[in-house]
Amino acid sequence: MESSTGVLVIGGGSTGTGIARDLAMRGADVTLVEQGNLTHGTTGRMHGLLHSGGRYAVSDQESAKECIQENRVLRDIASHCVEMTGGLFVQRPEDTDEYFQKKLEGCRECDIPAEVLSPEEAREIEPYLAKDIKRAIKVPDGAIDPFRLCVANAVSTENHGGRVETHAPVTDVLVEDGEVVGVKVEHETGQGKREHGKAGETEKIYADHVVNATGAWAGRIGEMAGVDVEVRPSKGVMVVMNCRQVDTVVNRCQPKGDADIVVPHETTAILGTTDEEVDDPEEYPEEQWEVDRMIDELKQLVPILDEARTIRSFWGVRPLYEPPDTGTSDPTDITRQFFLLDHDDRDDLPGMTSIVGGKFTTYRMMAETISDHVSERLGIDAECRTADVPLPGSKDETVLDDAMDRFGLRSPIARRSKQRLGNRADEVLDVDGPNPVICQCEGVTRAEIKDAVSQAGTDLNAVRIRTRASMGNCQGGFCSRAMADVLHPEYEEEIAREAYDELFQERWKGEVHALWGEQLSQAMLNYALHATTLNADSDPARLDQEVDFGAFDGGHPTDTVEGAEAGDSAVATDGGHDGD
Amino acid sequence: MAIEDDVLVVGGGLAAIAAAVGAHEQGARVRLVSHKQSTMRQASGLIDILGYTPDGDGPVVDPFDAIEELPEGHPYERVGVDAVRAGLDMFDDAAGDAYTGGHTDKNALVPTHGGAIKPTARYPQSAASGLASAGGDTLFVGFDSMIEFDAPVAADHLAATGVPYETEGVTIEFPGGLRDDAKVTRYAHLLDRNADLTVDGTDVPARTALAERVKDHVGEHERVGFPAVLGDDHPADIREELANRVGAPVFEVPMGPPSLPGLRLEDRLYEYLHEIGVRVSTGNPIVDVEPDDGRVDRVVGDHSGREVPYKAEEYILATGGLVGKGIDSDREGVYEPVFDCHVPHPADRYDWFEDGVFDDHEFARFGVPVDTGLRPLDANDEPEFENLRAAGSILGGYDFPSEKSGSGVSLATGYAAGETAGERV
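Same order as they appear, the protein sequences are chains A and B.
Numbering-wise, this note's numbering puts 505 at position 505 of the first sequence, and it's gapless, one number per residue.
Numbering-wise, this note's numbering puts 1279 at position 279 of the second sequence, and it's gapless, one number per residue.
I should point out that these hints are in silico values taken from the structure, not numbers from a laboratory.
Do not rely on the hints blindly, as some may be mistaken.
Pulled a few chain A residues facing chain B out of the computed Cβ check, cut under 10 Å [claimed, not checked]:
no., residue
1, 434
2, 436
3, 493
4, 512
5, 545
Coverage of chain A stretches by chain B, computed from C-beta distances (three or more under 8 Å per stretch; other residues unrestricted) [stated by the list, open to error]:
no., segment
6, 3 to 11
7, 212 to 221
8, 523 to 537
Okay, derived cross-link-like pairs now, DSBU-like style, lysine-lysine, Cα gap no bigger than 30 Å in a straight line [said to hold, decoys possible]:
no., chain 1, residue 1, chain 2, residue 2
9, A, 450, A, 418
10, B, 1183, B, 1215
11, B, 1325, A, 418
12, A, 102, A, 131
13, B, 1215, A, 509
14, A, 509, A, 198
15, A, 134, A, 256
16, B, 1325, A, 299
17, A, 256, A, 102
18, A, 450, B, 1183
19, A, 299, A, 509
20, A, 193, A, 450
For every residue, glycine included, the Cβ atom is placed at its ideal position computed from N, Cα and C.
Just chain B, with the same shape it has in the complex (with noise of 0.2 Å):
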């Protein structure tokens, strides 16, 4: 017997859930199915819509005025921009209060981990006071023992980037004698408790301990920005605390893996699929499908080495692009490894990248070509299966590290692909 759903959304991500969403909102029953941990605690938890033109202009201040210009094969230019809207307000009513940004069509202006600066459209609330849009004297503060972040580096190279207000990095020993190389959910743990620290004989809370360190760094500075390491279960309270102790606003500059603020949102999300009713299974990967007369009839998942079939009418596929292996490769070519999608590539794998870094590659858009209902297209520009959407960082034709559009792609094809579906169920 199969496990039987109306929807079965394929993937773990940022698209996989606003799919399951998007189709749980017209009715349908919805699972999701995902293998791994997703990509989102890699992120920095920052929603970006659009940051720059496939040329390269930008920043762009109005991202839905520059999607109306997107060439034809681009995914926005498949859903349309106002998938895009509507993929934004369903993120903005998961997320809730965690994250801001929604009150203006404008991006903002963020301070990166290594000082320069970005454009996004949605930010956790976390990273409000501190955006590089917004202005006012900046301290940095960060931590001896840790290396993602070096505070003055990152001060210096923000005034580089020509903001328009003063900023200052500071190094400071975390208190209590944290081991070198401590995870960031150690200090986020740490605070989180408040636990006492042990500071020169004495035993001392971890936020009264921390404050009292930079309390005397801030002077004139405005804001005060940390690490992404304040807190897990309780940011908001602890930046509270902070600031009242040091006596200005308190921010986090988001971070590259291990990202807590990824962590934090990929835990918010999948807390509000559970509150509204998406059934989800975790750790079993997609090993087979099963086609019939050009639709997708079933998939069989792998639990631990046992086949367990999964039916549903519609299927959405949002594995991920070459980072979370929704698309793969071999010295002979690239393959989309769950349904076999197509994936079109220069036959020559030296034609797959440039001879500069940041130069435009084209492994950088590879993933799979769709209509304008998201089905993926085979090598003749047919569906290549009736019921099958795609959605997310899988689909080609965009380059979403150069665009900063990769979580406002996901939002929009995922909850687009994922409407479609549920009103065809």
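The shape of chain A in the complex, shown without the other chains (with noise of 0.2 Å):
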């Protein structure tokens, strides 16, 4: 099939959702496509850092400034995605007092609010700090949540018309008399809303200009269209705490170097990182070494992180890029900055324009720059509004408290519920009958997931990424199966069996860096509740094998019991009594 669209936006991260959202809130007619969920890339995989530019201050001003001005941006428009945790600059002994002046001055010269902090300061902040840190600087560093702004942006951009499609990979870049007019993609289970064991299609999709917002994957496209981007995608390890172990962002006030970051985050705290560049954004190496530098390092700091349980680990590639010739060796000397390219200017090929580099914090500025380039190109006379128009969910949250109440959601579910879905509360709550609790790591109510299959499908991944379920300590041992249910009767039994198999397997996937102590012994729970109590192993469903159940115990004679007859003189089911 075909179809044509003004604005064709490759990616469905922060910075394509971004795009979209702008884009579509300016009138165009917009199409998204992603080849995986929302965030499937690097927007997903990042530790939730809402940077206050502090930690660019001293070897990128540019970034820094950028920094703080969209940290100001996105507490407004998109405050129930942001918690304002603040962070702290923490100094070590071992490390010099030259570079934390510099720090200090760095964010003054960026209009960072910055403080220094005496030991004593810093530990009445976080109780956990090693006892010998020298000093530290307090600044408005936050954590954000990439699942639900993507989610937000995406919702947004559907509400000024335009369209998204998700599990939609582009197979090519259509290129007509040297221009590219379209693209082809391949939609998994169909169009609209993935639906496990639905049939695929093609389509194609013209475009009046298309936009290559694929990050670390902008290569893949570019060699579809005949140019060459050359992204250098840089990997980074992140490691999830069961706890909280801190409630601000700590941050190791050194030059640079792994390890050196702790972001509270929802119920978590994730340790980052490392930067290590890498030939495929899909294929690289997972090593221990990565997870055992996090808490090796980042002990100094927090010791308690060395006997705290980790619940999993997870791997981000960033979408490093710099322009031909430059020639830097080490991935962390690399400009976090982005850029533009447009192939006509760049190559001769019009109609298309790709974004590479950058950081999610400024997301919103690159959207922006990016889509005053389309409106040039397309002569789109509107302004941007992004910066002022609330995202989806974040509007009045002052009102939400009674309608907390109004659902019967016990605190704190009732708190998390809200933090979640902001002023979009009370449509998703208002149901009827019961809302029992589904996941109980992180309170999430059955309500919660039936809103978010609403927008995903069958896909219960892309149900987890808006609503946190599946992600805390049991990792889906003990809710992936009720998730699972919530799709029947919509969707038949096989296809929600199917869903849950895809989930729980997703889950063991970032499980397995986490092996050791406390969640090797939830892991071993998992699998005997999976295996034992439910047969999820061996069932014959999922085999599709053929049982004799005639050959088994077909029950002690005297326990059978003639089918009870309706009325009072029915007999016991089970030969009497048991003890009691």
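Could you fit the two chains together into a complex? Lean on the hints.
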């Protein structure tokens, strides 16, 4: 099949959804396609830091200034995705005074509020900081949920008439007479929401302009169009802890290095990270030393991390870029600035623009720049409004408390639901009948899961990123089956079962990097619950196995009952008493 | 002064209980010392012996046949098939009328709360009329406030396993307006007390009110399955009354934690220990071991910070596997925390697991290796201590979730270890 659109955006991360929203709000006809879930790429694999800019205040002041500016914007337009935790740059005895001073001055030069704290003052904020720290700088770092932010951008795009297609990888870029005119996508399970078992289809989408916002994957799209986009993907590990050992972002105050940040994120703390160039954004080694280094380095700042429980680890790939012939060898030295590549100017290929480099905190600003560029190309005469108009869910939080009472949600469930849903809580939680908690670790109720299913279809990983269900200590051991049950009866049992198996396997992929101590015990419990109690590993339905039911125990002769007659004369169902 | 007994059992689960009974039956004075709640309350209450071979063949019809074929080092191979039968006989005595399945060597197939079927050797009376291997059109009833059992999903799943009968599931509101997220014990106690519930402005006893809601759905169905919440103290009475009122036999579908059938079994077995005169101390971890010339001389318990020594002739270690923390680990390796017995494991922790969630994981077989007298062996295959035996999921060399062999191994090795220890004092 074929269709046409004004602007086709490739990539469902923060940049892509940000561009789609921006252009849709300017009145453009926008279609966004994403190969996996929203946030499937780098956006879904970051530590969730809302930069104050402090990290770049010495090395890259341009980036630092952009960060603090956007930090303020996001607090306004995405309040339900942001938690203003504050951040500390902590100096250990072996870290130099010279760098500490540079950091402080750098922050001030970039208009980043910065305050020096004595070790006592720092430990008053974060009691678990090491006893021997020298001092700290306090900055307005925060935590941000990239999943909800992208989903909110996508929802806003749709609210402004745009079309968003996930699980729709681009298989070709259509070039006619030396101009990009659209793309070919493969809908894995048809158009619209994902649905397990539904047949795929191919669609050619013609567009006036194509935006390649695929980050670390930008080179692949470039190749399909016949142009070189030299992204230098760099991997970094993030280690997820079982609870918030700190409530403030804790950075090490040193020039650069692996394992120098702890970000409190929702119910967890995330340790990061490494910076290693890789050849392929999808196929790269995930190694034990990376996990070990996070714990061994960061315990110097927060000693209890050594004994704390790790629940999983994940890796992300930064879409670093530098103009040809810059020749930086160490990926940590490559600029975090973003680059707009107009392929008409650059490669004599009109019809397509790529965006590479950059970072999550400034996604909106990047999107604005790209959208200005595309608007100019297409003659759209409208201003960017994304810095002023709140994202869906982030308005009028004050009216929420009453609503939560009305839905009978107990604290802390109520508080958690409210934080996640923002001002959508009212419409989402207004259901008939009981609304039990499905995910105990994260406090997610059935109504929230149902709402996510209405957006995401049978893709429980997409439900997960919207709700955080299955992201806590048990890693889906207790809740993944109940999450899948919500799909039924809208979807058949077999489809719900496939969705459940897919989620449980996805959780396992990250959990294997935390398999010692408590989490190995948890893994064995999860295995026992699923294999012993549910027999999910040898289930005849899953294995399509025929079982000779008649060959097995058909019950004790005196235990079996002639089908009880209706009425009072029926007999006991089990031969009588069992010790009571 | 130490607390002195003939046999000291360290642990509180199925294997520890079996060991205590085994030693007691040999005339020994026995004490059982446990630390935390056992993992029995997390288990479904079914007593599996062997449902699948280590190669994954199954469901096995006759577990005793399959046991003869197990490889060297498997706990069943260590004790032999007669010990498995002896352990089960002990269980049948201890569980009494609450359990059935001993009329045949064959496994039964029982529906799980997800709707799959699983092979098991002994099952609670409460599950008896629900066997998938017994036939009879089945209605599942779930409660819309309870996420552990989605009756329509389970019914459709059960049908997909190919059972030769009709299945249907219906979700109802539990009468009387229990809070969302009420614990399973709340439902059970309401039904135990048969308390009056207010339904449409009228007070109705709980069992009657529940039956009224189910009755119209029963139709031609030959049996009715509920989630396992039908009473803690009076389950048989409740099933009988519900069956009478709905007009068909009533059964429970075993569930995961917190599992009422698991709790009932734990209560029943501790009652049995009490009846036969085994001494039980709970809440006290063993924190130190005093060896003497290749033997365990004394062990030291922690009673709220006070050290209390225990002394016995023979010791049995039944503290559980990875779940019960009888086996523990850190980033460097895997260990047994009480007696520091040798636990073989790959040096690289990335060799402990496989990529597929149900693949053949090395960690699933972590545990202590033992000789045929169930004595833990050191790295040189020599007994760690002359008078220490191990039983249950602390043993290595088998993958109980995949084999569905957890309860059977606990009973067989526990009882065998207890008997041997009891004979020697």
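Structure-based check of each hint:
For residue 434 of chain A, the interface hint holds, the least distance from its beta-carbon to any beta-carbon of chain B being 4 Å, beneath 10 Å. Residue-level restraint check for residue 436 of chain A holds (minimum Cβ-Cβ distance to chain B is 4 Å; threshold 10 Å). Annotation: residue 493 of chain A was flagged as interfacial toward chain B, and the flag holds, the nearest CB pair being 4 Å apart, inside 10 Å. This hint holds: residue 512 of chain A has a C-beta 5 Å from the nearest C-beta of chain B, less than the 10 Å allowed.
Taking 10 Å as the C-beta cut-off, the interface hint given for residue 545 of chain A holds, the closest approach to chain B being about 8 Å. For a cut-off of 8 Å, the count of residues in the segment 3 to 11 of chain A with a CB near a CB of chain B stands at 0, and the three-residue condition is violated. Only residues whose beta carbon comes within less than 8 Å of a beta carbon in chain B count, and the segment 212 to 221 of chain A has 0; fewer than three means the coverage is violated. Check on the segment 523 to 537 of chain A: 14 of its residues sit with their Cβ under 8 Å from a Cβ of chain B, so the three-residue criterion for coverage holds.
A hinted pair counts as satisfied when its Cα atoms are at most 30 Å apart, and residue 450 of chain A with residue 418 of chain A qualifies at roughly 16 Å. A threshold of 30 Å between alpha carbons decides the hint, and for residue 1183 of chain B with residue 1215 of chain B the separation of about 25 Å falls inside it, so the pair holds. Annotation: proposed proximity of residue 1325 of chain B to residue 418 of chain A is violated, straight-line Cα distance about 37 Å (limit 30 Å). At roughly 24 Å between alpha-carbon atoms, residue 102 of chain A and residue 131 of chain A fall within 30 Å of each other, so this suggested pair holds.
Taking the CA atoms of residue 1215 of chain B and residue 509 of chain A, the gap is about 46 Å. The hint is violated against a cut of 30 Å. Between residue 509 of chain A and residue 198 of chain A the alpha-carbon distance is near 25 Å, which keeps this suggested pair within the 30 Å criterion. Annotation: proposed proximity of residue 134 of chain A to residue 256 of chain A holds, straight-line Cα distance about 18 Å (limit 30 Å). A hinted pair counts as satisfied when its Cα atoms are at most 30 Å apart, and residue 1325 of chain B with residue 299 of chain A qualifies at roughly 25 Å.
For the suggested pair residue 256 of chain A and residue 102 of chain A, the alpha carbons sit about 13 Å apart, so the restraint of at most 30 Å is met. For the hint pairing residue 450 of chain A with residue 1183 of chain B, the CA-to-CA distance comes to about 23 Å; that is within 30 Å, so the pair holds. Our distance criterion of 30 Å between C-alpha atoms is met by residue 299 of chain A and residue 509 of chain A, whose separation comes to about 25 Å. Between the alpha carbons of residue 193 of chain A and residue 450 of chain A the distance comes to roughly 14 Å, so the proposed pair stays at or under 30 Å and holds.
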